[in-house]
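**Q** Each chain, letter by letter, is given below.
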Amino acid sequence: MSRQSVAKAHQKIQELSWEPAYHEPVSQYGTDYTFRKAKKKDPLKQVLRSYFPMQEEKDHRVYGAEDGAIRGNMFRQVQERWLEWQKLFLSIIPLPEISAARAMPLLFRTVPNPELHNGQAIQMIDEVRHSTIQQNLKRLYMNNYIDPAGFNSSLRNFQNDYCGTIGRQFAEGFITGDAITAASIYLTIVAETAFTNTLFVAMPAEAAANGDYLLPTVFHSVQSDESRHISNGYATLLMALSDEGNHQLLARDLRYAWWTNHRVVDAAIGTFIEYGTKDRRKDRESYAEMWRRWIYDDYYRSYLVPLEKYGLEIPHDLIEESWNQIWHKGYVHEVAQFFATGWLANYWRIDPMTDEDFEWFEHKYPGWYDKYGKWWENYSRLSVPNGHNPIALEDVDYVYPHRCWTCMVPCLVREDMVTDKVEGQWRTYCHEACRWTDVEAFRPTYQGRSTPNMGQLIGSREWETLYHGWNWADIVSDMGFVRDDGNTLVAQPHLDLDPKKMWTLDHLRRCPPLQSPNVVLNEMTDEERAVFQADYNAQGPAGRPAGAAS
Amino acid sequence: MTTTQERSVPKPAFTDAEAGAREFPDSNARKFNYFVPAKRKQSHYEDVTVEVQPDPRHYLAQGWLYGFSDGKGGYPLEWTVLKAWGSDRPAPVRGPGSGGQGYEWPAHGWHEFRDPNEEWELTLYRYNANVVRQLNQNIEAAKRAKAFEQWSTNWVQFVAQHVGAWMHVNHGLGLYLFANANRRAPTNMHNNAISVNSMHKIRSAQDLALYNLTLSEEIDGFDGTAHVEAWNSDPVWQGVRDTAERLTAIDDWCEAIFAANVVFEPLVGELFRSNLVQQAAPSNGDFVTPTLVGAEEFDYAERDLRYTKPMFQLLIDDREFAEHNTRILQQWLETWVPRCVAAARTMQPLWSQPDAKPPRFEDSFDHAKNRFRGILSDLGLRVPKELDQ
Chain A
1 MSRQSVAKAH QKIQELSWEP AYHEPVSQYG TDYTFRKAKK KDPLKQVLRS YFPMQEEKDH
61 RVYGAEDGAI RGNMFRQVQE RWLEWQKLFL SIIPLPEISA ARAMPLLFRT VPNPELHNGQ
121 AIQMIDEVRH STIQQNLKRL YMNNYIDPAG FNSSLRNFQN DYCGTIGRQF AEGFITGDAI
181 TAASIYLTIV AETAFTNTLF VAMPAEAAAN GDYLLPTVFH SVQSDESRHI SNGYATLLMA
241 LSDEGNHQLL ARDLRYAWWT NHRVVDAAIG TFIEYGTKDR RKDRESYAEM WRRWIYDDYY
301 RSYLVPLEKY GLEIPHDLIE ESWNQIWHKG YVHEVAQFFA TGWLANYWRI DPMTDEDFEW
361 FEHKYPGWYD KYGKWWENYS RLSVPNGHNP IALEDVDYVY PHRCWTCMVP CLVREDMVTD
421 KVEGQWRTYC HEACRWTDVE AFRPTYQGRS TPNMGQLIGS REWETLYHGW NWADIVSDMG
481 FVRDDGNTLV AQPHLDLDPK KMWTLDHLRR CPPLQSPNVV LNEMTDEERA VFQADYNAQG
541 PAGRPAGAAS
Chain B
551 MTTTQERSVP KPAFTDAEAG AREFPDSNAR KFNYFVPAKR KQSHYEDVTV EVQPDPRHYL
611 AQGWLYGFSD GKGGYPLEWT VLKAWGSDRP APVRGPGSGG QGYEWPAHGW HEFRDPNEEW
671 ELTLYRYNAN VVRQLNQNIE AAKRAKAFEQ WSTNWVQFVA QHVGAWMHVN HGLGLYLFAN
731 ANRRAPTNMH NNAISVNSMH KIRSAQDLAL YNLTLSEEID GFDGTAHVEA WNSDPVWQGV
791 RDTAERLTAI DDWCEAIFAA NVVFEPLVGE LFRSNLVQQA APSNGDFVTP TLVGAEEFDY
851 AERDLRYTKP MFQLLIDDRE FAEHNTRILQ QWLETWVPRC VAAARTMQPL WSQPDAKPPR
911 FEDSFDHAKN RFRGILSDLG LRVPKELDQ
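One line per chain: the protein sequences are A and B, in this order. Heads up: the first sequence begins at 1 in my numbering, then just goes up one per residue. Heads up: the second sequence begins at 551 in my numbering, then just goes up one per residue.
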């Protein structure tokens with residue numbers, strides 16, 4: 001950087017923008033928000049003359065650490081339990097990152113403030129950085145970790161798999177629909193400002209505790225860019241708030257964005273941190289404790305609540321309900337249990353829990369063992385093939401759940417499941433908030449107000465539908481989750497790499513076919529469906545059949 | 551007496567989880583296996599780029615999940631009228647028992663594009679950091695050598711007004727054409743290359759702006775706002791401005807990249823930079839401005855044009871749509887060449903403004919036209935008759 005002060009340099013580059021005199025730039029994305037032209041300052045105050053060398057210096061540190069990790073044989077002390085979950089996480093995260101880059105143009109024409117566009121362009125290239133630096137980390141893991149399966153097929157897996165599909169919402173929501181809903185409220189105000197704290201700060205800390213110091217190296221470097229992006233979102237939010245006509249839409253979008261992020265991010269990151277770690281020190285923070293600190297205190301109380309006086313309607317009820325889900329309703333434990341139930345449809349290995357794990361869970365979440373302990377003992381008992389089926393197809397006091405049409409995480413807190421008939425199809429939702437998102441928020445009219453730019457939930461949102469009536473061996477083959485001997489599964493319900501103890505297509509061939517819960521639901525009569533729902537709502541915790549839980 | 555409490559820290563454990571510790575199925579399968587590399591061996595660039603942006607035509611079993619209000623999700627192929635082989639095949643329809651198979655990778659020809667610059671984060675930051683470092687050093691050296699004192703009043707004014715005016719072209723195209731287009735293309739390879747192109751433009755705009763700031767501080771009487779006036783109302787810039795704004799108004803992302811990098815840049819950009827500023831500056835005592843303009847020239851000639859040519863070459867040579875694509879590209883040439891020729895000609899008075907004159911405008915423009923003909927020849931496109939009007 002020259003000796004010119006940053007403030008002076010930044011002031012100078014404001015001279016670059018100009019109002020069109022002959023032709024307006026193309027307008028390709030719509031919004032139902034309205035913005036008055038406002039002299040909102042670019043909060044980033046970033047000039048490329050200093051930005052590029054700064055990022056290069058950050059790269060030097062990241063790549064130096066990566067070299068050091070390999071030379072220092074880091075993988076001799078990496079916990080496999082931890083790194084296996086990175087096969088899922090690192091298959092998901094490069095897409096949200098690059099989608100954030102692609103989202104920035106949605107704001108150029110909809111937010112009429114050229115000064116903010118400078119910050120959005122820098123965010124765009126930051127996100128290219130994040131996506132490729134994370135792909136590179138995955139490549140390093142693939143090359144140096146004992147089991148490359150799942151890393152080597154990562155992006156195909158992610159795109160085929162139901163877990164990847166859940167994660168994909170944390171990407172596609174940024175780039176489609178109403179431009180402000182997508183690229184500002186969902187992406188920067190909620191995903192980046194609230195949930196990158198657990199993604200990029202809390203989770204890497206857990207990685208370090210499991211012998212992996214490259215995840216913190218890469219993701220803390222990424223997080224140092226996120227703070228700039230948070231400023232981008234804040235500036236746009238203040239502009240939106242200055243027009244009262246936007247308040248109804250802001251309230252809608254905060255509810256949707258908050259709840260979907262909670263459902264998706266807490267499901268994944270909560271599972272990684274609680275079930276992917278070997279660090280069972282009693283004084284290490286649980287995910288619930290981290291969530292309370294990073295999201296409830298730092299985001300909700302310190303960031304969102306002060307905006308209330310400017311007219312922002314904050315979804316207090318959903319924030320409290322998210323905490324209720326995590327703390328009282330075992331949301332993270334239910335998700336981890338489901339991931340482990342469905343291990344055979346995945347592309348990573350899931351380590352059984354041990355007595356030490358049980359003790360830690362009981363300490364952090366009193367009552368955990370009564371709900372989940374027996375099931376995890378069964379998981380351990382059934383982990384090595386020995387004439388039985390995978391746990392999902394054995395009688396272990398667990399009912400395979402229906403999938404939520406909106407967030408696509410299964411309806412795991414059974415009492416909360418609701419149904420609705422939408423566009424001629426019966427759909428299940430994990431919670432009333434997800435039903436509201438599909439049935440009320442993502443519609444061209446909202447509370448009587450025309451919202452022609454609001455997006456749509458599309459796609460084949462129940463994974464099981466695609467494989468209704470299929471044999472499990474054919475399902476796993478179709479998805480490509482098979483190792484290079486053509487028979488051994490990528491996924492395993494244990495960490496033992498002895499080929500004799502690994503599950504194969506042959507083991508799955510004898511399993512009963514998969515039934516799609518949604519297809520079955522739509523075949524029921526009204527009476528049968530009413531009985532089904534009453535029974536479903538009476539189930540649990542931990543998916544226990546109704547009547548067996550007491 | 552003080553007691554030391556044992557700190558609570560994670561305990562490292564020997565796990566022997568490094569590559570090669572055991573033999574088992576897949577233990578040596580250490581390559582990404584979901585795409586076919588362009589060459590025999592997968593490149594690092596491909597590993598960090600290919601397939602990050604999904605496509606329902608091959609692996610995306612459940613399809614796009616979020617759509618615009620018209621129900622379209624992801625990256626619709628019809629966002630350009632150009633087509634790559636396989637473009638007309640519909641995305642697989644899913645339903646009960648359909649399975650998740652798509653077409654065999656790559657499913658269509660768009661996925662065959664590779665950026666010859668192999669840009670990803672490591673390369674783009676290294677490259678641009680080197681550029682800004684070198685430019686800073688050049689400017690610092692010039693300040694110490696009091697190099698700006700050699701400039702004539704006329705040249706000072708030329709740099710303030712006209713070299714300064716060019717920053718607006720870069721800024722406008724960088725943001726509203728290139729950054730905008732990074733949302734539009736159907737593969738990650740296209741969109742990453744386009745986003746890097748965008749940063750070249752925005753960086754070079756800022757390079758010129760901050761240079762302008764330095765000159766305001768170093769040269770008495772240097773008018774640091776003259777570039778704004780020139781851009782807003784000097785007739786010599788209005789043709790360029792009209793064309794630049796029209797470029798940002800293009801809806802079709804391929805047309806935008808083609809019109810900007812294949813037509814506008816050689817006929818207007820290089821004409822101004824290489825055939826005016828670079829030629830006039832030395833004889834007017836200025837050895838600093840050419841270093842900035844030269845950096846931008848390198849961005850275009852050695853990076854941005856370098857990816858643009860193979861991007862369109864694939865479409866021109868496409869096994870299914872070569873004729874369709876070539877016909878449309880020729881139409882775009884017929885549209886954009888006259889606009890850019892007109893813009894170039896409105897700049898003609900600039901050639902007579904410096905004390906030490908550059909080569910004649912017509913000679914400079916011939917040079918630019920020849921360069922443009924060479925690009926079209928490389929691509930196998932016909933030179934439109936409008937070039938000689």
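Think of the hints as simulated: they come from the structure by calculation, not from any bench. There's no promise every hint is true.
[Claimed, not checked] Below 20 angstroms or equal to it, Euclidean Cα-Cα: the simulated EDC-like pairs (lysine to aspartate or glutamate) are:
| # | chain 1 | residue 1 | chain 2 | residue 2 |
| --- | --- | --- | --- | --- |
| 1 | B | 591 | A | 356 |
| 2 | B | 935 | B | 916 |
| 3 | B | 561 | A | 356 |
| 4 | A | 8 | B | 690 |
| 5 | A | 371 | A | 359 |
| 6 | B | 581 | A | 484 |
| 7 | A | 374 | A | 355 |
**Q** Of the numbered hints stated previously, which ones are contradicted by the structure, given in increasing order?
**A** 1
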